[in-house]
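Asker: Protein chains in written order, with the numbering used here: chain L, 19 to 133; chain Y, 2 to 114.
Watch out, some of these pointers could steer you wrong.
In silico lysine to aspartate or glutamate, EDC-like type, Cα no more than 20 Å apart, as pairs [to be verified]:
1) Y:55 <-> L:121
2) Y:4 <-> L:44
3) Y:53 <-> L:121
4) L:89 <-> L:44
Because the hints were derived from the structure by calculation, they are not lab data.
The primary structure of each chain is shown beneath.
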Amino acid sequence: NAGVTQTPKFRVLKTGQSMTLLCAQDMNHEYMYWYRQDPGMGLRLIHYSVGEGTTAKGEVPDGYNVSRLKKQNFLLGLESAAPSQTSVYFCASSYSSGTGGNEQFFGPGTRLTVL
Amino acid sequence: LAKTTQPISMDSYEGQEVNITCSHNNIATNDYITWYQQFPSQGPRFIIQGYKTKVTNEVASLFIPADRKSSTLSLPRVSLSDTAVYYCLVGPHGSGNTGKLIFGQGTTLQVKP
């Protein structure tokens with residue numbers, strides 16, 4: 019099993035450009051998450067999904083959109099990138115809620131730079 | 002979800018036992034305590050989880066006192082490869098609080114030779 023994979027690994031954007039980050043998991047997990055991590059900071063939850071066709075806002079959702087059309091995929095979109103969105107983005111998945119008792123499996127991350 | 006407090010950083014030497022304490026004074030009855038490890042340029046990795054008393058696996062031990070207001074992650078005989086950030090999370094099972102997941106800044110452990 020590949021676990022959780024993320025595409026791309028690195029990306030440089032200009033302010034105002036758009037892009038989509040793809041997360042895929044092959045563990046048949048119900049829950050999927052998108053986090054961002056800034057230098058010296060912990061992870062902050064952007065959006066999450068509790069199942070196919072569902073999405074919900076996390077702690078820092080502004081400037082991002084997500085879609086979960088297939089159970090195994092969770093897409094994170096930036097419609098108009100801003101320098102403040104320069105960060106490392108992590109995707110994760112779990113069988114059930116990750117708040118307790120349900121291990122989250124993380125992808126390798128996508129390093130995004132917005133100029 | 003319960004707010005957690007951890008030391009920002011800790012130093013240790015190879016071969017020593019390291020104990021990282023997490024405070025969670027307002028832990029709820031149905032909350033579990035989970036620890037993650039994150040190496041540079043990688044996503045976090047689950048280490049251990051517990052509800053009360055002591056839990057041990059091949060990587061670490063987790064000590065939880067009777068009042069559950071704190072927990073201690075114990076790493077036996079650390080090596081240079083244990084240099085990482087360690088996060089303490091507290092929360093219940095179930096979907097109701099998923100949107101409030103908080104990893105916090107974690108504890109940066111630096112193991113020296």
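Asker: Sort out whether residue 44 (chain L) lies within 20 Å of residue 89 (chain L), counting only the CA atoms.
Answerer: 9 Å, holds
Asker: Keeping to a limit of 20 Å between CA atoms, is the pair of residue 55 (chain Y) and residue 121 (chain L) held or broken?
Answerer: 18 Å, holds
Asker: Please work out if residue 4 (chain Y) and residue 44 (chain L) have their alpha carbons no farther apart than 20 Å.
Answerer: Violated: residue 4 (chain Y) and residue 44 (chain L) sit about 32 Å apart, past 20 Å.
Asker: Is the straight-line distance between the alpha-carbon of residue 53 (chain Y) and that of residue 121 (chain L) 20 Å or less?
Answerer: 18 Å, holds
Hint 2 from the list above is the single one not met by this structure.
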